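Protein sequence lines correspond, in order, to chains Z and B. So the first sequence is numbered by the working numbering: it starts at 1 and just counts up by one. So the second sequence is numbered by the working numbering: it starts at 1 and just counts up by one.
Be aware that one or more of the hints could be misleading.
Unchecked claim - What follows is a list of derived Cβ distance ranges for each label pair: (1) L41(Z) to S586(B): 52 to 62 Å; (2) I89(Z) to M476(B): 50 to 60 Å; (3) Q128(Z) to G267(B): 25 to 35 Å; (4) V658(B) to I89(Z): 46 to 56 Å; (5) I89(Z) to L28(B): 50 to 60 Å.
Calculated directly from the structure, the hints in this document are not laboratory data. Note that this is a predicted model, so its numbers are computed, not measured. A virtual CB, placed ideally from N, CA and C, is assigned to each residue, including glycine.
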Amino acid sequence: MAQLDDKHQSQDSQPDSADAAGHGSIRSYTIGFVLSIALTLEAFILVLNHSFSHPVVLVLILIMAVVQLLVQLFFFLHLDRAAKAPWNIIVLLCMGVVISIVVFGSLWIMQNLNYHMLSPAETEKYMQKNEDL
Amino acid sequence: MLGRLNFEALVHDPITMGGIVAGILAILAVVALMTYFKRWNWLWKEWLTSLDPKKIGIMYIVVATLMLLRGLADAVMMRVQQATSVGDAHGIVSSDTFQQVFSAHGTIMIFFVAMGFMFGIINLILPLQIGSRDVAFPFLNSVSFWLFIAGALLINVSLVVGEFAAAGWLAYPPLSELKYSPGVGVDYWIWSLQIAGLGSLLSGINFFVTILKMRAPGMSLMKMPIFAWSVLCAMFLVAFAFPILTATLGMLSLDRLMGMHFFTAEGGGNPMMYINLIWAWGHPEVYILILPAFGIFSEVVATFSGKRLFGYKSMVLALISITFLSFVVWLHHFFTMGAGADVNAFFGIMTMVIAIPTGVKVFNWLFTMYRGRVRFTTPMMWFLGFVMTFTIGGMTGVLMSLPAIDFQVHNSLFLVAHFHNMIIGGVLFGYFAGIAYWFPKVTGFRLNERLGKYAFWCWVSGFLLAFMPLYALGMMGATRRLDHYEASMGWQWLFIVAAVGVAVICVGVAFQILQIVVSTLPSQRRSRLDLTGDPWNGRTLEWSTASPAPVYNFAVIPTVTDRDAFWASKQAIVDTKLKAVTQKYSDITLPRNTAMGIYIAGFAGVAGFALIWHIWWLAVVGVLGVITCIILRASDEDTEYTIPAAEVSRIETEFFAVRSQL
Numbered sequence: 001m002a003q004l005d006d007k008h009q010s011q012d013s014q015p016d017s018a019d020a021a022g023h024g025s026i027r028s029y030t031i032g033f034v035l036s037i038a039l040t041l042e043a044f045i046l047v048l049n050h051s052f053s054h055p056v057v058l059v060l061i062l063i064m065a066v067v068q069l070l071v072q073l074f075f076f077l078h079l080d081r082a083a084k085a086p087w088n089i090i091v092l093l094c095m096g097v098v099i100s101i102v103v104f105g106s107l108w109i110m111q112n113l114n115y116h117m118l119s120p121a122e123t124e125k126y127m128q129k130n131e132d133l
Numbered sequence: 001m002l003g004r005l006n007f008e009a010l011v012h013d014p015i016t017m018g019g020i021v022a023g024i025l026a027i028l029a030v031v032a033l034m035t036y037f038k039r040w041n042w043l044w045k046e047w048l049t050s051l052d053p054k055k056i057g058i059m060y061i062v063v064a065t066l067m068l069l070r071g072l073a074d075a076v077m078m079r080v081q082q083a084t085s086v087g088d089a090h091g092i093v094s095s096d097t098f099q100q101v102f103s104a105h106g107t108i109m110i111f112f113v114a115m116g117f118m119f120g121i122i123n124l125i126l127p128l129q130i131g132s133r134d135v136a137f138p139f140l141n142s143v144s145f146w147l148f149i150a151g152a153l154l155i156n157v158s159l160v161v162g163e164f165a166a167a168g169w170l171a172y173p174p175l176s177e178l179k180y181s182p183g184v185g186v187d188y189w190i191w192s193l194q195i196a197g198l199g200s201l202l203s204g205i206n207f208f209v210t211i212l213k214m215r216a217p218g219m220s221l222m223k224m225p226i227f228a229w230s231v232l233c234a235m236f237l238v239a240f241a242f243p244i245l246t247a248t249l250g251m252l253s254l255d256r257l258m259g260m261h262f263f264t265a266e267g268g269g270n271p272m273m274y275i276n277l278i279w280a281w282g283h284p285e286v287y288i289l290i291l292p293a294f295g296i297f298s299e300v301v302a303t304f305s306g307k308r309l310f311g312y313k314s315m316v317l318a319l320i321s322i323t324f325l326s327f328v329v330w331l332h333h334f335f336t337m338g339a340g341a342d343v344n345a346f347f348g349i350m351t352m353v354i355a356i357p358t359g360v361k362v363f364n365w366l367f368t369m370y371r372g373r374v375r376f377t378t379p380m381m382w383f384l385g386f387v388m389t390f391t392i393g394g395m396t397g398v399l400m401s402l403p404a405i406d407f408q409v410h411n412s413l414f415l416v417a418h419f420h421n422m423i424i425g426g427v428l429f430g431y432f433a434g435i436a437y438w439f440p441k442v443t444g445f446r447l448n449e450r451l452g453k454y455a456f457w458c459w460v461s462g463f464l465l466a467f468m469p470l471y472a473l474g475m476m477g478a479t480r481r482l483d484h485y486e487a488s489m490g491w492q493w494l495f496i497v498a499a500v501g502v503a504v505i506c507v508g509v510a511f512q513i514l515q516i517v518v519s520t521l522p523s524q525r526r527s528r529l530d531l532t533g534d535p536w537n538g539r540t541l542e543w544s545t546a547s548p549a550p551v552y553n554f555a556v557i558p559t560v561t562d563r564d565a566f567w568a569s570k571q572a573i574v575d576t577k578l579k580a581v582t583q584k585y586s587d588i589t590l591p592r593n594t595a596m597g598i599y600i601a602g603f604a605g606v607a608g609f610a611l612i613w614h615i616w617w618l619a620v621v622g623v624l625g626v627i628t629c630i631i632l633r634a635s636d637e638d639t640e641y642t643i644p645a646a647e648v649s650r651i652e653t654e655f656f657a658v659r660s661q662l
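Chain B on its own, in the form it takes in the complex (with noise of 0.2 Å):
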């Protein structure tokens, strides 16, 4: 009846526990809150069930920085592992738990933290940006974030019913095989993969149709900013690499589940073809996080320089060759696996060529900055920071690329220097620079300055400190994934400053959440609220209307004429009052509410954790559940409701009204 599951699942060691009861603890807290308040009412109708692409992607978002969190414990608790697992001393977790801890680590930081932040920047932005009231399928896109709950849920279920993989962040076989890893670890890694990844796959479909066809009147692709085009080569990236991780994922879980043999030894199945097959997928998947990271920084070192972005064309250029090289270069990823020096010469040349459009994208940037009018924001800071540390990865990356020195260094701490180099350095920098340069356009007030700087030094000193020791320590050969060493090592004063440098990075971590708490205080919003729309002096058309944007995000669709098409309008239009007079407005049609993407999603992480604990009934439910939910909304007729024109009237003369008073 039920499988696989029994009480001996819910047993785990003290550590765990802990995390456990604080977490359950976390979540009554919050229900007695929103109970105390009256609020479930407003969450559903307001947030849970709306299709309006701005509240999903701030949603998104705040699942992210939970997940981000989460990650950063484990980040923690590996930190302190490492820096006292010395000699005769075994550091605060078994060897077993904390295989899981890096697995999680990898996993949660990939999949539902980056991938989190850039599906909710760009719901957030994209459709403002290029002038689109909505994406080309609102409900299309709440399917895809629920089914990212529903992965980001199973992941954290597997902390309290069972265990998580200790196979490593991608679960190479045979380890994650049957034989090796029987227990229900690299089955939830499947399928909250699976689950998540399906959703990022129809997300990417989904802004990909947007780019191309809800563009504003004028608005050519080469009139697009900059942003747009990296999130439009990010898609394509999405669109063409997941199905590569679907099936991948699908032959493993097949290998589990049914007794074949695709990647074990015996049966005349092959190990190294999985991972053949997961970096195939995963390389891409590394651009997929880092380009619409490159489109924040491009807008954001346009804005706060006060100039139009140099080298458009080349950047245009460069974005669809990195998305073109990306697929060419995965087998980098496994030089040491046993390929002759021609296959691997092919790879590591390939890698090489990869840096000259990065280099060209950061030189424009510079080019960008080089006679404007600089102003030092947050977003600038982050931008300023990203440069250094994407440089030294950049250059740690490309002394990788060389066959000879990869199998010097291959899976040692300077890998794992390396790559967290690009991913905090690189992505996340861009996402917390574009969730700072953004806020005000999605709340109508902008960031304590004050506090942001402060986590912005928090963040890049503990980066240096936590990461710059891993490059010396992986030159001195210390493996990644170790939880114990010889104290003859000479290793350990190493681990304690990368651990001093993680506990700088959540000091840098608490002053964000300050950062938020305080700007959000009423007595403090007062004096940062952004009346006009264009707090920054922005040029692209996401700040031409109000802030917070209206739900229909224009109310009359703009027509563009140049490249940097909200600046052209400035320079051109003195007198926005007159404007606001002369408007004559429509009826606007937005999608209505349904909790449809809600019920799929649930019936979708009901079978992924039936197949999990193999019960099967209730994944046939789980399974039926989601077709019926599908049929059941495609014959749903009444999709949409209108705001009529008096309406919208209301809602823009009263914005220019205030407006026209600054």
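If we strip away everything but chain Z, and leave its shape as in the complex, we get (with noise of 0.2 Å):
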């Protein structure tokens, strides 16, 4: 019964050994920490500018959020050698179910509410331009 087998010994550092060679090089981690802080700091410069429309600033804002949140995932997270791992994509999955539910939950409850809390002034407005009435 001698099962002291390699992954109980070397516990502490990796668990998983062939997650070891997802690890990144200091290049990539570079890449993604200036890709990062040049997102981020391009959604302030958006805002400060006032170079666009609000609608506009609000859709690139979202869309560097999102290729932000790609960014992190590929160079951080080496998500990007997901397919040794069904582990990653269940849990990948279950991230974008449970951040489905929250945003398009959180959508539907917030655009919920500011419809039934219109002042009465708002509420015809609102009336007469969506609901033809």
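Assembling the complex is the task here: the two chains are given apart, and the hints tell you how they should meet.
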């Protein structure tokens, strides 16, 4: 019964040696870091400059946020190698589900709350505009 | 230089002063005792710097117990206030202190008692139960624990220096915004939760990885004990829900520190968004606490009924569906905020649906007992008490999931009674059962059963006395967080009954403390020593090793072929003496002690304190300290030590020699 396998001997640093190959180089971490900083700064600059209209700025910030999310997944969490580890994909999918529940659920709830809490004047305007009344 | 901090922060009303003086005297007494018995070095080397999850687990439970006493003191104050503050009388504390008391009570009980007990028990038992020597990231585990301590310290410092939040345990804006809470109270709340929450998130990831990667060979997911399954589900929730808390608290602190407008009504913010986000974390949090308790009960009921758990697969399925459903019900905490019937109906139905998997679990437990040889030990008593209180709580919960009824009882004492029903009768009873059940595995001796049963009866009857009147009061229109009411309401006698109930609970807590003290006395201990490692005739792997478990947990990692692995091996191997003689051992490598976790959390706590009081230079020092410590630790190559095979052989031979004489 000598099941002292490697897994249990090197459990401190890497629980799974298959993942060890997935760790990035200094170069990939630096690229990820610079990209993340650039995307964050860009969002600030967009807001401070007032060079686009309000809805355009919102959409651009949203796009940059999603791009940054992917940058971090790729450069910091190394999910480009996910194919080798089924658990990575499962957890990633779960993350997608949870994020969409929270994001779309919140949008639905807040939109509904806003609709029900309009002032009488706003209600009239809204109904004329959107409900042909 | 010192930001907002000045001498006025140390001035308090008499009751708070009394608490502070008592607290400081207690600390001085402990320090004096430690110095007299020359135990500081021992404490530092054997405990504080240890990376052994069993020791970290014990430390979690000790701290959670201390915090339980603090939270209980708050509860007593609230009950006395509400029982006496009628008509012309104004009770024992001012309105402002009362608000701080209920805010502190809620925050402490959820974040530092329930979470502390939960992570404590998981640390103690999870690696043992899945046949592992350690958690996946032992150092991270120590960092998590010390971040939890840093958060707990900040919340207690607020008692002495400054004030605590008076905005409730979830600090809803606009009340928690700078305009209405200009003091440091809300900042204390934010930073203590932010730091402790970070620790919880790291722990969540740690145990999630531990379960996925470190199970003993042969233990597929469907052969895992139910407690491990419940932890897997709870840690999944931690990993996905706590980031929402961090982000929400982050936005609230940006509002308060940098004049932003995420949750203010002016400047385009929306306080309703805070309530939405905090409950998107808050509801999964409830299930984070209860799922491990479900797991504990599953182990307890199977062991003490002498039967395999009924409906294992349906148990797993129920856990997974609860995990998923817990993410789609959060609006039921704010049905009355103004959403339309469509939204309210959706979340109401989702809430009712959760009752189905939960009901499945209750029936599975009852069927496990059916035709079993039930032993009525203390853990089993907690289980039976739980079935009663949890069912009452579940029914009131389903009642409130109907938006139309919720509109009547929202923010009333009915709600307070409901969630205490779930958290005391569900979560706390579960952890008490777990502590009584696994106590011999950790210490090597069983607890005194008689005192444990006294404690149980006090808790159950005290609980019913304290909270059943609150259901009635809620129906009569008493709102929560009430520090004064008129005699003509006719509520006082019910509040007095509730106060008596809390007194009975206090007696129960006294019995628990007495139970531990008495059981630890050498004369008492001798009669209840556990020399076999298996005092309850257990079914899972943690009972296959010695009690207390050796530092390496298993000299040889077991191979699992069956669901109740240890039970199966007990049926197969008759002669344990033979096993001991023929066993060959190898060297075992374990992580070395390190104080780096203490330093990292210490700097984090300093940074939190500095941000609360706007001492900017100190905040920079704190953050730089954290980063430096992480770099130092990351570049440390010498983090492990080896126990030679001969030493392992000596420890194991001794254990088997004692066991074979029985």
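Tested hints:
1. At about 54 Å, the beta-carbon gap between L41(Z) and S586(B) stays in the expected band of 52 to 62 Å.
2. The hinted window of 50 to 60 Å between I89(Z) and M476(B) holds, with their beta carbons roughly 54 Å apart.
3. Distance hint check for Q128(Z) and G267(B): the Cβ-Cβ separation is about 28 Å, which falls inside the suggested range of 25 to 35 Å.
4. Distance hint check: the CB atoms of V658(B) and I89(Z) are about 48 Å apart, consistent with the given range 46 to 56 Å.
5. Taken as a hint, the range 50 to 60 Å holds for the pair I89(Z) and L28(B), whose Cβ atoms sit roughly 56 Å apart.
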